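J.: Sequence:
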Amino acid sequence: MTTVKCIVCDSAVAEPLYAGILRCRECGHVFADLQLSDEQLFELYSERFFTGGEFGDYPASEPYIRRNFEARFKVLRSFLDPARHRHLLEIGSAYGFFLDHVRGHFASAQGLDITDAGVRYARERLKIDVTQADFLTHDFGAQRFDVVCLWDTIEHLRSPQFFLEKIAEQTESGALLALTTGDIGSLNARLRKERWRMIHPPTHLHYFSRQTLTRLLNSYGFDVIYDRYCGFHRSADDTAYMVLVLRHGKNRLYELLRRSRVTEFGFYLNLYDILYVIARRR
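Residue 84 in my numbering sits at position 84 of the sequence shown, with consecutive numbering throughout.
Be a bit skeptical, because a hint or two may be false.
What the hints assert, rightly or not - Restricting the straight-line Cα-Cα distance to at most 27 Å, the calculated cross-link-like pairs of lysine-lysine (DSS-like) are: (1) Lys250 / Lys193; (2) Lys166 / Lys5; (3) Lys193 / Lys5; (4) Lys74 / Lys127.
Simulated from the structure, these hints should not be mistaken for lab results. Remember, predicted model here, so these are calculated numbers, not experimental data.
Using the sequences and the accompanying hints, generate a full structural model.
T.: Okay, structure coming up:
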């Protein structure tokens, strides 16, 4: 047994689930057995994270990433009241592709990210209002937001509970919080176990299920109003990089496939293990 405080239920008793992965004995929340410093986090999300790190070439996958954001916004838009939901914030805005797609639908749409390369791209190439900062320490002054988005972000956070606490402070009743994250309770995750593609600390630190995510959101004043699995568009090149390079270390085989151009196509896939959740502030 390990005494690490659970972010969902405050229990201090966790048990090993997989190598380097713990599960709370009280609520079942799953998390990495890691304690990362601010310096280590900023190093993880350097420019290499998006080009030759966790992603082979994130900017090159822009067409597929934009399709994902178009699909996510189509769902989110059905919950928006144009008179009420006017100011949007994206936490973990990366290269700004989502903000670029939605900025015409809001009075203001701004983003925060700690990655220098992504922020520079969003500002200089897309002319988007993005700030390089840590959300927890950033001073928003009197600003309040009506919609907050965390796309594939909450699993990366060292302390998601503090992010939700501050989001609650920066929003008012009726505001919407939209996020996507892997579901550790999904059939695919249960079948794949430690081989599930979403388990890869130190970048993924928290592994939510429907139950643990709903419980955490409720704790900070958010009620879930939408909860579905979402698929994703992805380039074959990106998939080959993740499988061959990140999982199996077969760099030469990946480079051979890339040079032969056989990975120059994309596809859509839904493995029913990525949760898309929208919650409303009480």
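J.: Each hint should be assessed against the structure and marked as holding or not.
T.: Hints versus structure:
no.	hint	result
1	Lys250 / Lys193	holds, 22 Å
2	Lys166 / Lys5	holds, 20 Å
3	Lys193 / Lys5	holds, 23 Å
4	Lys74 / Lys127	holds, 23 Å
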